Amino acid sequence: MNAAPSRTLSVAFWLVIAFLFFPVLVVLPLAVGETETILFPPRGFTLRWLHAFVTEERWVQATLLSARVALAAAVLATGTGLLAAVALARHLRRARGWLEGIMVAPLIVPGIVFGLGAYILFARLRLIESEAGLVALHAVLGLPYALLIIGAGLAQTDETLERAARICGAGPIRAFTAVTLPALKGPLVAAFLFAFFVSFDELAASLFVMGAKSTLPMLIWADLRLQFNPVVNAAAAVLIILSVAGLTLAEFLRRPARANP
Amino acid sequence: MAQDDEAGTGVPASRRRGNRRSVGQPGLLLVAPALVLIVLFFVVPAAQVFVTAVWGGDGFTLTHLHRAVAEPVYGRVLWRTVEISLIATLACLLVGYPVAYYLAQQPERTRQRLLFLVLVPFWMSILVRSFAWMAVLGRQGPVNGFLQWTGLTDAPVQLLFTTGAVALAMVQILLPFMILTCLNVMLAIDPNLTRAARAHGATPLTAFLRVFLPLSAPGVMAGAVLVLILAMGFFVTPLLLGGPRNQMLGNLIVTQIGDTVNWGFAAALALLLLLATLVLIPLTRLVVGRGAGSTGRVAP
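Just so you know, the protein sequences line up as chains A and B, in that order. Residues 0 to 260 in numbering that gives the first Met the number 0 are what the first sequence lists, from first letter to last. Residues 0 to 299 in numbering that gives the first Met the number 0 are what the second sequence lists, from first letter to last.
Quick caveat, the hints were computed from the structure, so don't treat them as lab data. All of these numbers come straight from a predicted model, not from anything done at the bench. For every residue, glycine included, the Cβ atom is placed at its ideal position computed from N, Cα and C. Hints may be right or wrong, so weigh each one.
[What the hints assert, rightly or not] Which stretches of chain A does chain B cover? Using the computed rule of at least three CB atoms under 8 Å from a CB of chain B, they are:
id	region
1	11 to 25
2	235 to 241
[Unchecked claim] With the C-beta cut set under 7 Å, the calculated list includes, among others, these residues of chain B facing chain A:
id	residue
3	P25
4	G26
5	F40
6	F41
7	T51
8	P97
9	L116
10	V119
11	L126
12	V127
13	F130
14	G140
15	I228
16	W262
17	A265
Construct the entire structure; sequences and hints are all you get.
Spelled out as structure tokens, the structure:
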């Protein structure tokens, strides 16, 4: 290996990392700045905006709605994702290609097109402002991540152990839950966390189908579009910290460390 | 990913499993919930867009599509969308490829740790990151602060509400997609191939250009296509950072639904967005060049 090019590459790499983090690091301190505009570096120190975020009715309602939807969507995505991953890995190997293709497709369709389709469908079915409807939409967006992460975890497990359990008299379900499932704990929690944050941060579909009931991103969006409100700074900081914490946990739990998320 | 046979017996698992029950059924039963979810809440909504775009009150119609293409206002937005998306894709390519290459050269454990740094911003909300760029590029932001402090300018420079601002933020948001997709393909390249080229007297540069680069082209292609598709659909970033002259197709769609409630036209715009992307994909192939025959796997 030549030293000079690899040193240049290393510098380039860290510059790119700095570029990726820079805006986030700028926005965090704004949450505790005293000015009511977006001013950097912020002046003074106040917890007023954070306090407003956790006490004002509209922010609390929006956060609770987002959390509720994300929780349900993550459960749905992880559950269906687990079953599908088992089916693809152990049973439907021949159809695996196109089945996986369909289920991963939401990753490569622009959110705005998906949101519009969902809106038209929901308007026709009178599902507008339906929380259950939004949960299903968000579960669809989380499913690809759940499927890929659990699938990767499943590929690391030893199928012969499960077969041994079968030979020792366990039924197929018991053999799976007693032998394979415990080994999948990490990937399952990781899948759940990824699906949770996909939903918690989702804007396009929510914006179209939720009408007057605002999720947290919808509220931030509305305040940024209409009249800037410094509580947005606090909300953004909370979202950043939550997703960093959740992701760190998820990455840590995703045992079979893979290159793709 | 090849069909793996974990037990290594060479016998498909379906056949190894007992003969007591029919083999396909548990698989179908297990995949059914996910499939139903995807079909009802993804395939059907996507189909709704196509149908609504060309199906009016009295049957098949091209009025919406015609209007979307013919009216100069929309043509300009389409052109702007293509322009910004191509700039962002190209920039992601130029920046992302070396980063992926650097990561691919690292030992496994170091790579995992460095990759985490790429993933953290990747998982932050696009809305929050676009907003963060508002703070960075604003008149009272750190960039303007720095420029004035160094004496390069006396008054704040207009950075926000420019095409550059939109493209910059989009690159920051989309870069991890490019890095991850390229890296995936790079890791599958046998390092012995470059080593063999070196052993036969190729300089490191020649070995890279003649062996590694062509082999990694499918990853570049997949990454560029993915980034382009996602870029074309942006609406949050152009609205917050672009100002009126840099609105993209996505913004038009939001307006059509939010203000005028014109489903047919909104769907036609969405269809136009997808069609434009399809037209642009071969162009990406052209830029990426030879060796990019297969698109590889679009890994997230």
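How the hints compare with the structure:
no. : hint       : result
1   : 11 to 25   : holds (count 11)
2   : 235 to 241 : holds (count 3)
3   : P25        : holds (6 Å)
4   : G26        : holds (3 Å)
5   : F40        : holds (5 Å)
6   : F41        : holds (5 Å)
7   : T51        : holds (5 Å)
8   : P97        : holds (6 Å)
9   : L116       : holds (5 Å)
10  : V119       : holds (6 Å)
11  : L126       : holds (5 Å)
12  : V127       : holds (5 Å)
13  : F130       : holds (6 Å)
14  : G140       : holds (5 Å)
15  : I228       : holds (6 Å)
16  : W262       : holds (6 Å)
17  : A265       : holds (6 Å)
In terms of the numbered hints stated before, the structure departs from none.
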